[in-house]
Amino acid sequence: MSDLENDPILGENQEDDENSDDEREQRRRQKQRRRDDDEEDEEEDEEDDEEDPGDARGKKRRKVRYNTQSSRRLDVSRYLDTIADVDDDEEDDDEDEEYGKDDFLDAGAPEEGDLDDINRRAAQHARLDRRQQELNDEDLAKIAQDVTRRYRPTTQKYTGDMNEIPQRLLMPSVQDANLWQVRVRPGKEREIVFSLMRKAMDLELSARPLQILSVFQRDSLPGMIYVEARSSQQVLQACNGLVGVYPSRGVILVPIEEMASLLQIKKKETTITPGSWVRIRRGKYGGDLAQVLDIAENGEEVGLKFVPRIDLNPKDELATPDGKKRKKLASGLSVGPRPPQRFFNYEEVVKAHGRRNVAKRNQVYVFGGETYRDGYIEKDFKVAALILENVNPTLDEIMKFTRQEDGGENDANVNLSVIAEAAKKEAITVLQPGDHVEVFEGEQTGVHGVVLSIANDIVTLRAQGMDIDGERVDVPARSLRKRFKAGDHVKVMSGHNADETGLVVAVAENIVTFLSDMSMQEVSVFSKDLREAAEVGSSTNIIGNYELHDLVQIDPQTVGVIFKTERDSFRVLDQNGNVRQVLPHQISMRKDSNRAIATDSEGHVLRVRDNVKETDGEGRKGQVLHIYQSFYAFLFNRDITENGGVFVTRTRVLVSQAPKGNLLKPGSVDTTKMNPSLNGGAIGGMVGSQMFRGPRDRLIGVSVSVKQGPYKAHIGVIKDVNGTIARVELQTGNKVITVDKTKLWRRNKDGTLEDLEGFRGPAMGAGAGRGGGRGGGRGGFGPPRGFGQNNFNQNNFNQGSQNPYNQPSFNDDGRTPAPGKTPAYGGRTPMHPPSDSRTPAWNASRTPNPYSGGATPAWNASRTPNPYATEAARTPGWGAGANSNAQGFGRSPAHFGDQANEWNYNGGRTPGHNPDRQDNGWNPTSDDLDSAQTPAASAPTPSAWGSSSWGGGWDNPRGSMGFSAETPAASAPTPAAAETPGPSYLNHDDEYDAEHDHWIFRYPIEDKTGLIITIKNGPNGPADRYDGGIYNGHRGQVLSIQDPGKLDKAFVYIRLLTDGKMISVPIKYIEETPPEKRGDRVIVLDDVDPSKIGTVYTVSGPPEGMMVPLTNEQGSIQMELDKICLYRSS
Amino acid sequence: MSDPVDPNDVAPVAPIPSNARAKQLRACLLCSIIQSPVDFRKYGCPNCEEITQMKQSQDRVASCTTTHFDGVIALLEPETSWVARWQRTAKYVRGIYAVQVKGHVPEDVEQELLDRGIQYRRRDQTEMD
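Respectively, the protein sequence lines represent chains A and B.
Just so you know, the first sequence maps onto residues 1 to 1130 in UniProt numbering.
Just so you know, the second sequence maps onto residues 1 to 129 in UniProt numbering.
Since the hints were derived computationally from the structure, they do not count as laboratory data.
Be careful, since some hints might not be right.
[Said to hold, decoys possible] Think about it this way: if two alpha-carbon atoms lie no more than 20 angstroms apart in a straight line, the pair counts; the simulated SDA-like pairs of lysine to any residue are:
no., chain 1, residue 1, chain 2, residue 2
1, B, K91, A, Y1097
2, A, K707, A, I1041
3, A, K712, A, K743
4, A, K188, B, E110
5, B, K91, A, Q167
The shape of chain A in the complex, shown without the other chains (with noise of 0.2 angstroms):
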């Protein structure tokens, strides 16, 4: 037993306490149970055991084992067991020769007479034997190098690493294996690598190992892995099921000229050297400035020195244990806002924590753990907690580190050495050719010059004044720095204050103080972080989504106004007057108050962008940036200086300083009544339409053509209207598809298609003229809401309608008054001013028709919006066409004075017919007309339109009919009533003037196909454009003309001249397209001689007037530029 423990066997086992542990505990067993033959696996299994140091594994596996052995009794015979166990060293023969003897001889004593046991150790000598024979058989060499290799492996002699190789000889062949690029989850580069790594050894000695050579991968190449391998199924085969790497998405070979280079790449060298400014990265430092100390020798701590961040407010009792405080200062570092930079006050810091946390030692405080010398925290970092790159300490920051030991600040001197050692590097690549430099050390000092060119870090400049003027000289860079005097106008371009404009005031050294354009206060920067620049103001006005002035919400409750972008964040004044400051993130959304409109204390409507003054308080005047709730307005005024000029007041103490066109007495109409319409509609007029829409959409069940998109040319049937969104019913396949209202043709029973809204021109508003004709059909409330906000929309016409139109009609007779209010007839009458007395005939001519020609109000209603003039004008015509006068009408109104006049006796009577008639439908669409004769009724309208209440509205026009004398009176409130909703009909009408006698219609040209009309806008702006603009200018060929009778639906169908596609066009958006050279063909538009085809002898000259020779079969002529088309027989 005793000489076991002892063997030097067991003693050379490495880990000789566990293993003896081991052996004692299988002895243990071994007294009670029986081995049988298997020893020798065992025995086997042993070695490995051993081999494998600390195995709780091994132990466990034998455990089992000897469980499921049969033990039938003891034996002594267990020693030789062990010995065996023990004896996988492979040591010394002898040895083992001599446990088997002891064995023998020990065992010898208990066991005699035990057949059993004679038997069993007969069978293990001769196993003995067996296995001295093999050891014996075995090559002594390969033994020693196995026990060599197995347990020396670390003393293996280390000769180098193909030093003598030169790297580019390395460069990789043809014959070698080539290099894949697989991509990875990014982040988890390293970990495939070593999973690789794994699985390379798992299946190693398995059917299938990995066939490939090496995975390798870079920091600075993120999201790929590099495989080193034969074929690219290898590395499939190797990347097969690990988590995270993508080869579906490539496994992609690197050429052979790029496989060094990828392990080349060299990270950017960050240097540290003592003295330098770093940043700490995160914790209670993070982002603070400190200076480098000392870096330690492996380069991976760095000694730092920094302004101290203690909190002298601790919130425990000073009397606390030592443990329980340091677990609450640590749990607020996390917690609570950290204790500002103060240096390091022995007195302040006893008072608050206690003269025995701080310890004193010779020139240092410890304090909690940290060094604290002269005032500041000296602490070790490791490199990887720490910027070093684009540290840009600011001067404020720097100047921390200037302190005296005596605590006083030291002067700029000293600064400036400091900081330039700071600047240093950045001085360099911050310079331009055309800036003006000056050397301040070495030789050349106090040459200055502008810089002509750099290379690497020579800088050559050519020198100004002294006597060297116009010299070259060439100066290391580090020497250099920028020069700029007092009156320059600069731009910060880069550090804390960024984009800062302003004009130099004065210039120190290299510290540049300026006065801010933005902010009017000095700011001191450094000369290497300016340029000389013409620019005014800061560029970086926009932040993320969010701009300077810019409506924000900031939470439910709160608005602001952005007054000043800062680097990253905004100063924000909000509805109630607080000055906040607002991060990107923390805006929830930016309000458009582009619409929003309120009442100034006078009763006039106010809107974003009007120039206003404060009736009360400060009287302070500036423009409205912003309308919130009709309540509150965010004004701005340059200036005031306080909060960039913006501020906030209330719309009720507000009065506009520009006088408005009509400037009514308040009082002889309520405008307030008004004004809650109004005020409603603009806030809720998205809403209130939305509302207020009937039941049943008009256009469902209609018949449509797919006009564009994947369904195109389908026919369908519309199930459901969602605002512009139709869900329209397939014919094909029963399938329901959601499609944009515009891209659907209206499917007539003829197979004809058109416009899905009908007269609308595509340009139009559709929400808009929609809501409001339906809205007018049924009468309610709606339209008005509707209107109101249409109004805002098109914001022109209501203005508009009070200008152009009504002020012709004001001259003549107090009826003025009426367009502008009731904004449907009043419309059209400014057309003909000349012959007001007219208006009115012919509008009631024309009135009466379209209801009594039974065109469906409705409809009207939808149109409305568009005509002017125009619209009434043609409202006759296509109204059924039940007139004559009709007709005439279709004709240009405005030309035909004289027919208008007949008719004005009828129109006297018209406005009774109205009332019964229509709403808003109509209103729209007469205009003129009924102010006229119904001045009077056009007061109250607006009021009508403004409550809402229609019917009362209405009944007042009938009443009214035929006193013009009264109008004049009324007139005064209809100015209200002209901003109002209506008006912004009127917007869509003219656009039907002009189509009126469109020039395609007017003259007599037989063939009209052939045609090359040019693409334009339509007649009402820049926002009324085909399809959105895309095709204007672009020319086309006239294919074929719609011609429904009705103006406004027809179409022209042209090829494009630029790329032959096909596209329907609307007729006001097409205009003739002059010749432009010579040669080009042309036709006449002419009522003396259309059709005339020619050729253009010569285009010159000024195009107005133009007169332009042309020749053909019948000779020459010469035409008006305007009068000739050019043209393409078909």
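We have chain A; now place chain B onto it with these hints.
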């Protein structure tokens, strides 16, 4: 390995660190192998222990290895791999190696190398030939 090895026996493998993310993984300044500091202390460097003698010595581990390395190579077939040849690790054991190791071996190691006529090459790719 030039030794005649039992075919069933496998080429030596360095201990593979269990956690690839571990920040404290260290790379040998001489041979660039990556191991956990525990393994370095326990077994030394599988390639250059003879010279660096890191086994059982925390100080030697600290001075001969570094956490400053970039790029990780799983080297499976050192003898045939071009990557290994390029990295000059072809004669080393299989294991995880760094592409670049920042730092310089201690002077005594460099002296030892000199004495053996081996030229020391930094592994931070500052000197290329």
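Outcome of the hint check:
no. : hint             : result
1   : B:K91 x A:Y1097  : violated, 90 angstroms
2   : A:K707 x A:I1041 : holds, 18 angstroms
3   : A:K712 x A:K743  : holds, 9 angstroms
4   : A:K188 x B:E110  : violated, 36 angstroms
5   : B:K91 x A:Q167   : holds, 16 angstroms
Consistency with the previously given hints fails for numbers 1, 4, ordered from lowest to highest.
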